[in-house]
Every structure is written in structure tokens, then in C-alpha cells.
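Below, each chain spelled out in residue letters.
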Amino acid sequence: MAGTVPTKEDILSAFHAALPVMLGYLAIGLPCGIMESKVGFSPFMSLLFSMTFYSGAGQFMIPSMWLAGAPLYSVIASVSFVNTRQMLYSAAFSPYFSDVGKPLAFFFSATVTDESFGVSLDKFVTDGTWTPRRALLVNLMSMTSWTIANAVGTAAGPMLNLPLAVTSFAMTSIFVCLLVGQPLNRTTAIVICVAFVGVLACKLMGLSGPAILLGALAGVFAGMAYEVAIGR
Amino acid sequence: MSLQDFLILYASVLASMIACRCIPLFVLKGRELSPRLSQALGLIPAASFAALVANDLINPSAFVANPLQATVPFVAAAVVVVVARKTGSLIWCAIVGMVAYALLMMFF
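As given, the protein sequences belong to chains A and B, one line each in that order. Numbers 0 to 231, taken from numbering that gives the first Met the number 0, label the letters of the first sequence in order. Numbers 0 to 107, taken from numbering that gives the first Met the number 0, label the letters of the second sequence in order.
It is worth saying that the hints were derived from the structure and are not from the lab. Treat the hints loosely; a few may be bogus.
[Stated by the list, open to error] Examples of chain B residues toward chain A, derived with CB under 8 Å:
#1 Ser15
#2 Pro23
#3 Val52
#4 Ile57
#5 Ala61
#6 Val80
[Claimed, not checked] Calculated lysine to any residue pairs in the SDA-like style (CA-CA distance at most 25 Å, straight line):
#7 B:Lys85 - B:Ala64
#8 B:Lys28 - A:Arg132
#9 B:Lys85 - A:Gly180
#10 A:Lys101 - B:Ser15
#11 A:Lys101 - B:Leu27
#12 A:Lys122 - A:Gly180
#13 A:Lys37 - B:Leu8
#14 A:Lys202 - B:Ala64
#15 A:Lys101 - A:Met86
#16 B:Lys28 - A:Thr83
#17 A:Lys122 - A:Val179
#18 A:Lys101 - B:Ala18
#19 A:Lys202 - B:Ser15
#20 A:Lys101 - A:Met50
Using N, Cα and C, we set each Cβ at its ideal position, and we do this for glycine too.
Please take these sequences and the hints and turn them into a complete structure.
Written out as C-alpha cells, the structure reads:
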């Protein structure tokens with residue numbers, strides 16, 4: 000990879016890809032910050048969390064579990080369990096980082112979220128000009144948006160009142176769009192159906208925390224089983 | 000939450016998050032992957048997106064409490080599917096999705 004400083008083209012290309020995620024993060028980062036203020040987070044604490052831990056699901060879970068009276072160890076275990084899905088994302092990116100230096104690989108992988116995973120993986124597959132450096136820029140731009148919204152939400156606290164269900168549906172819509180963009184064949188149809196059923200089964204059994212990880216793993220295993228069965 | 004609780008929480012969840020985000024990439028990066036493993040990695044995007052969508056849409060307790068209202072996310076998602084097929088735009092999908100969801104919630 001030539002040079003370490005991103006070019007103007009890198010920045011524009013990454014910004015174009017990151018913009019939907021950035022706007023979505025502005026919408027859901029505010030209510031997340033408001034919730035964090037209710038458990039005593041200062042804007043500095045929110046900044047620290049958002050710039051390092053950087054997880055929407057995790058940062059929503061912490062105040063809601065704490066306010067519900069969950070013990071500290073339970074909050075830590077639940078949040079950590081929910082974040083195990085990140086292992087799948089990290090593994091999926093590995094083929095695209097084979098020739099990338101450790102610092103870039105670390106900063107990229109340490110800043111991947113559900114949304115930036117979707118955007119960058121789609122770009123790696125469909126856009127021949129996409130590079131790990133642009134993928135890192137997408138992560139950093141999205142993180143900046145999330146961090147600002149989160150800190151503002153914490154500072155403004157109860158003065159702001161946003162309908163969380165509506166704003167968070169922006170993220171759901173982004174996932175739907177990325178799912179629709181997947182190449183549809185018999186294997187992916189099986190993967191998608193089994194992942195859906197897997198998540199439903201987890202939720203019915205009260206396993207909401209690991210539902211995404213287990214559902215996705217069930218989908219991958221079903222897809223592999225089908226490929227083996229048809230001799231591919 | 001006291002400062003001590005905050006620091007314990009922060010250090011613990013950050014350590015587990017960095018491990019989950021970084022270890023698989025560093026373990027697999029630069030290795031000659033077997034065809035089966037490559038095949039499996041290729042299925043992760045579809046599986047992950049499906050699981051993320053399902054996780055957002057499916058809420059068994061909402062179906063028990065108010066079945067009609069519990070279908071609202073599914074209907075809004077169906078609208079987004081149409082927009083995604085026509086435009087392929089993440090921004091349009093996010094905007095239309097929020098508007099559809101808000102309008103449907105007003106009626107149900």
C-alpha cells in the first residue's frame with residue numbers, strides 16, 4: 000500500500016460510503032447518551048467509552064441493565080457475550096488484510112461495528128478500488144459521528160427526548176439494504192432462512208444476548224452442509 | 000454508578016471487545032486458508048446480515064402483548080426491501096424505513 004497518508008480520493012470515497020452510517024449514528028447516539036447520563040456517566044466518560052469500546056448495542060445495554068438493578072458482573076458478562084459476534088466479522092475481513100501491516104490491521108479491526116462491517120465488506124466484495132485504508136476511514140468517520148452524538152446526548156441529558164424505536168429503525172433499514180444486496184442463490188437462501196430461524200429459536204429460549212452470533216453461526220453451518228451435500 | 004464500578008466495567012468490556020474484534024483477524028490474516036474455510040467465510044456476510052435483521056425484527060414478547068403492533072417492524076422492513084431493490088441506497092433505505100415505521104406506529 001503506497002504511503003500512510005490517505006489521499007483526497009480515499010477520504011471522499013470513504014465519506015460517501017460512511018455517510019448513511021454517520022447519519023444513523025447521529026440519530027441513535029443521542030438517545031444512547033441520554034441513557035448513559037441517567038446512570039451517572041459524564042460527557043468525558045461517554046467520550047472515553049465511545050472512542051475505545053465503541054459499541055452501540057453494548058452502550059445501550061449498560062445503562063438499561065444497570066437501571067434495572069443488574070449486578071456489575073452480570074452487566075460485564077452480558078455485554079461481553081453480546082459482543083462475541085464481532086469474532087465473525089473479524090474472521091470475515093481476514094482475507095482482505097493479508098498484506099496489511101499490524102498497526103492498520105489493529106486499528107481497523109478494533110473499530111469495526113455492525114454497520115461499518117456491512118458497508119466495508121460489501122465494498123471489498125463489489126468495489127475493486129476499495130482498500131483497507133478506506134475501510135479504516137469509514138470506521139473512524141462513523142466513530143466520530145457516534146462519539147459526538149453520544150457525548151452531546153450525555154451532556155444534554157433529559158432536555159432531549161427522541162423516539163428511540165423510530166431512530167433505531169434507521170440501523171435496521173441499513174441491515175435490510177445490505178441483506179438485499181447479497182447475491183441470491185440456493186445456498187444464501189438457506190443461510191438466510193436458517194439464520195432467521197436461529198435467532199427466533201434463541202429468543203424463544205430466552206437467549207437474546209447471543210442470538211445474533213448463534214443465529215449467524217447456524218446459518219453458516221447450514222450453508223456449508225448444503226454445499227457439502229451437493230458436492231461443491 | 001461509582002467511579003470504581005465504572006473503571007471495572009470499562010476495563011472489562013473493553014478487553015473482551017478488543018479480543019473479539021482483533022484476535023480472529025490476526026490469527027487468520029496472511030495464512031493460506033483451506034477451500035472449506037474460505038467457503039465458510041464467504042457465507043458470513045449473508046448470515047450476519049440476516050441475523051442482525053432478524054434480531055431487530057423478532058420480539059416474541061411483543062407478539063404476545065400486541066400481535067398487530069408486533070408486525071409493524073416487518074411491514075416497515077418490507078417497504079425497505081422494495082426501496083433497496085429499486086435504489087440500492089443505504090441513505091434512502093434508512094430515511095424511508097424510519098418514516099414507514101413512524102407512520103405505521105401511528106396507526107397500530
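Worksheet item: Which earlier hints turn out false for this structure, listed by number in ascending order?
Response: Per hint list: 5 and 7 violated.
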